[in-house]
Amino acid sequence: MDSEKVKEIICNAVKTTEPTWSTWGVHWKELDEVFLSRAYDQLGFDDWIFVNFLRDNDILSIKKVGSILDNGCFERKYDREIAGGLEMPFYIFLKKGIFGKEGKGFYNSVKAFDGRKGAAFWKLLWQMLVCCNYLKKNYNSSFSYYLKEKYAEYENIDKVTDADFLHITQKEWDSFKENKKPWNELYGVGLNVFDYIMGDVLELEFVKNSYKLDSANQRFLTITGIFECNSKDLNHEEVVNFLSGLNLPYSLREINSGLYAYCSKLGCDKYCFCRYPQKCHECKVHKICKQDFDKFKKHDWIKKSPEEMTEEERKVYESSVRDKFTWKEGDLEFVGWEPLTEDEKKLVESIDKADRETENRNINDD
-12 MDSEKVKEII CNAVKTTEPT WSTWGVHWKE LDEVFLSRAY DQLGFDDWIF VNFLRDNDIL
48 SIKKVGSILD NGCFERKYDR EIAGGLEMPF YIFLKKGIFG KEGKGFYNSV KAFDGRKGAA
108 FWKLLWQMLV CCNYLKKNYN SSFSYYLKEK YAEYENIDKV TDADFLHITQ KEWDSFKENK
168 KPWNELYGVG LNVFDYIMGD VLELEFVKNS YKLDSANQRF LTITGIFECN SKDLNHEEVV
228 NFLSGLNLPY SLREINSGLY AYCSKLGCDK YCFCRYPQKC HECKVHKICK QDFDKFKKHD
288 WIKKSPEEMT EEERKVYESS VRDKFTWKEG DLEFVGWEPL TEDEKKLVES IDKADRETEN
348 RNINDD
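So that you can map any letter, position 246 of the sequence shown is 233 in the numbering used here, and since no number is skipped, the others follow by simple counting.
No lab work stands behind these hints, which were simulated from the structure alone. Any given hint could be a false lead.
[To be verified] Distance condition first, Cα-Cα at most 20 Å in a straight line; then the derived SDA-like pairs of lysine to any residue:
#1 195 <-> 169
#2 -8 <-> 235
#3 -6 <-> 270
#4 195 <-> 239
#5 2 <-> 271
#6 16 <-> 48
#7 164 <-> 240
#8 168 <-> 153
#9 195 <-> 215
#10 135 <-> 181
#11 137 <-> 157
#12 -6 <-> 235
#13 195 <-> 73
#14 168 <-> 212
#15 2 <-> 274
#16 195 <-> 217
#17 88 <-> 73
Let's have the full structure, built from the sequences with the hints guiding it.
See below:
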């Protein structure tokens, strides 16, 4: 695609959504709470909603969540038979108060949670508990303290203050990430999510060029025709280099946020572009966009039974079905989704089985 068309398409999305993404900034002093709300916002789990339930139960802190496993002897690795549901032994113990008021508060938070759980809900909750316990025991119950300690280790110095950390340059930060890989000690957190946690801290200059290749960005870049490949074939480094080379009047992080808001299903009350062909006529650049929705149509492998699918096929299939299921009932007509097929209904109805099969494939393992 011609570079001028690419710039026009991207700038339209970022400018259109600016009233939304410009409000997403957070402050350095809030980073520990940001960690709790973003670190496990993965695989369809609305962690950013879940933290509200932690707040309602007065346990919204790394220290309180981390204290739950203090008095237990558990394997670090998630065990579905122990913590894979409210009826499992671990949650029964929480309910009975065996792990203190914090444990009971966590149980009540999980029970009351009414957001999307996604494909690995129980596993992500376990990873949150383990990681917070690790930060509590080793890093003063603080993600920001953890970062400063890791950076001090990297620089081989005794201490890094808040002021020191806030003045890290982009080059220094990139080198730190490349060599230290600070997400490795954070159970369940990878590079993409790590950048997501850090990406909106207003005081940090170096995060202005962070970029998370989330599903919404993948969808935008491929449906518009900016990239010809399928979304799953996009390479993070290649995308970052490409966007950086466009010299747009926005930081990489602003582009990232703008594209996310433009076509994320969570933004369907305002935008919801690049998701449904019926919406395209409302987009100001639809005449120069490729509108390649074929990349997201069902493929031949969708005719396979779930047991016959490869791991990657299963992930795409489940994501597609859950996407449709999220907008069931009255919203189906509004967003242009066709009704769920019989096979898809069966998948939704057997979501627990789908979770079990996902776990067996070790999605998101260490």
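So, going through the hints one by one against the coordinates:
1. 195 <-> 169: 18 Å, holds
2. -8 <-> 235: 12 Å, holds
3. -6 <-> 270: 15 Å, holds
4. 195 <-> 239: 6 Å, holds
5. 2 <-> 271: 11 Å, holds
6. 16 <-> 48: 13 Å, holds
7. 164 <-> 240: 17 Å, holds
8. 168 <-> 153: Given that 20 Å is the threshold and the Cα spacing comes to 19 Å, the pair holds.
9. 195 <-> 215: Not satisfied, since the Cα-Cα distance of roughly 27 Å exceeds 20 Å.
10. 135 <-> 181: 15 Å, holds
11. 137 <-> 157: 17 Å, holds
12. -6 <-> 235: OK: residue -6 and residue 235 at ~7 Å, within 20 Å.
13. 195 <-> 73: Measuring from Cα to Cα gives roughly 40 Å; hence the hint is violated.
14. 168 <-> 212: Outside the cut-off at roughly 33 Å; violated.
15. 2 <-> 274: Satisfied, since the Cα-Cα distance of roughly 18 Å is no more than 20 Å.
16. 195 <-> 217: Violated, because 27 Å separates the two Cα atoms, which is more than 20 Å.
17. 88 <-> 73: 17 Å, holds
When each numbered hint is compared with the structure, violations occur for hints 9, 13, 14 and 16.
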